[in-house]
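Please model the entire structure based on the sequences and the hints provided.
Residue strings, one per chain:
There are 2 protein chains.
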Amino acid sequence: MSGERPERPGEDALIARYFAPLAGEGADGLRDDAASLTPRPGHDLVLTADAIVAGIHYFPDDPAGSIARKALGVNLSDIAAKGAAPRAYLLTLGLAADWTETWLSAFSAGLAEAAAAFGCPLLGGDTVRTAGAAFINVTAIGEVPAGSMVRRRTARVGDRICVSGTIGDAALGLALRLAPEAPWAAALDTETRQHLRDRYLHPRPRLALAPLLRRHASAAMDVSDGLAGDLAKMTGGVGRAEVAIADVPLSAAARQVIADEPALLDTALTGGDDYEILCTVPPAEVEAFAAAAAAAGVPVTAIGTVLGGDGAPLFVTEAGASRSFAAGSYAHF
Amino acid sequence: MSGERPERPGEDALIARYFAPLAGEGADGLRDDAASLTPRPGHDLVLTADAIVAGIHYFPDDPAGSIARKALGVNLSDIAAKGAAPRAYLLTLGLAADWTETWLSAFSAGLAEAAAAFGCPLLGGDTVRTAGAAFINVTAIGEVPAGSMVRRRTARVGDRICVSGTIGDAALGLALRLAPEAPWAAALDTETRQHLRDRYLHPRPRLALAPLLRRHASAAMDVSDGLAGDLAKMTGGVGRAEVAIADVPLSAAARQVIADEPALLDTALTGGDDYEILCTVPPAEVEAFAAAAAAAGVPVTAIGTVLGGDGAPLFVTEAGASRSFAAGSYAHF
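Sequences listed follow chains A and B, in order.
Here the first sequence stands for residues 1 to 333, where the numbers follow UniProt numbering.
Here the second sequence stands for residues 1 to 333, where the numbers follow UniProt numbering.
It should be emphasised that the hints constitute simulated quantities derived from the structure, not laboratory data.
Just so we're clear, the structure is a prediction, and the values are computed from it rather than from any experiment.
Each statement offered as a hint is correct.
No copy is singled out in the list; a pair is fine if it fits within one copy or between any two copies.
Quick list of in silico lysine to any residue cross-link-like pairs, SDA-like style, CA-CA up to 20 angstroms:
1) Lys233 with Gly10
2) Lys233 with Ile245
3) Lys233 with Ala20
4) Lys233 with Val316
5) Lys233 with Leu30
Shown next, in the form of structure tokens:
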């Protein structure tokens, strides 16, 4: 249950070389067994933990820096959706038997770059060997003015449903990766393929929206498991979501793919890994919310309404037909 | 990279069934993507993360409840060593392909029992599949009066070195598990074997010592990677530790094993998984510290002194010979 690996540096040397340079205030250069953290006066901390596992949440041959950025990004996406600003994170890295220093060096460089871009220093963590697939767990810590964390299940009937950015690109990027020779995939130009792959590889937590969610949203979450399934989670017990499919924002790339292969619309609506913000906003606030979001550089689009009643969200076509997605949620599990 | 498992409940159902009942204040029954937490006025939070991996840190056939207790216990041992009281924890559970609901039910029952005993409710986390070995990551959060976290590297020359409880039992319990038919192992009675195995399986975080460490200790850490190696970490850059081997507290079971097989003294001193407190205390404080610890139900023993100079800790035999352990630290990694 233990073993030295004389040919490669031990845990302490790895931490000193690759992770100590990333440490923030309170982390004591990762030379202690714990770190201290205090929210600013009048603020609450917001905590979340998500792991990504090789072969489940990412491809083992994805670039190491991209894997690091994804591990941090998916957690900060949750932080942003709660209206919080990133404060720090703890990292647990499970290294499989075939790890190399080249990989680890690229991983820590990607992590440093992402953490700097997101304004979120490393506070602590652990590095372990695993007999199986590599994994990365991040516990992310954000901060909100006291009592202002935006909840998931607090939408009200009559609220408008809004999403940021575009939906489905990451799921189509994954589909492209899994079936690069499919007719619809082969028809794409290089730039379009690159856009879709980039959206799958590189989640962009919508940190700029956090203060606007606190001001305008009645409920919010990030879209990680697919729009249809996550919308069901947000509105379940509150009301029934009705979405106009034509209003769901799609990128030019996604529109092209779906025009060529209409069945992939379902992939876009249910596929996951969007890491966009899904929120509900009182009707009187929608215009101000959208304008403030646009000013912050993030497009948001109203796609539907929370109606009374219950049941899976209804997706209404331009012809007036209603669809729902019973399975709904993309299951990483 | 995705898959439904219709024959077994999905992640949301698992969380609702096995983990939601463990959720504390701020966790909203684990029905949101993040939790909120605020330290009491005048307090700092103390955060640490450690993972345990099947086949590395525990045996896959260890009782599931014991694995859960270990995952939480090793983290709360760090919290206690920093002088902090447990506040909450986040759990990331990586389930291997062969997981069963029977296992998960026993795991969550053990976790609930340990969390209740340690006064540390569940705040959030993640449940994922892994293509490889199961793993459990815990991020533990404690609380200390502002500015009073006890650091690892703040010992002073002249301080006495103290440890809680007894050293080596867990490492001998592991040795017993790995070689149950060794002559020294076969000579043990059932109760002795049980004691050693229990110390390996069930770390006991020394939470009762936390306030006393804040009052009396100049530096502290928990003994997780072996006394010799952890002492080197604590005193490196400060001075040279000198320990009287005869003063290192051993259980009756450990004394019996070492009497039968003297080479196992080294296992006891370097083997790890003790989860006792190692600390330095100014000489004038040792008596008061030991008395207060005894009153709190935890024996502490002075085993040596921080001398000037540098180098690996010296372990002095009764005959006056000095030994050091160059490799020192038990490497899980």
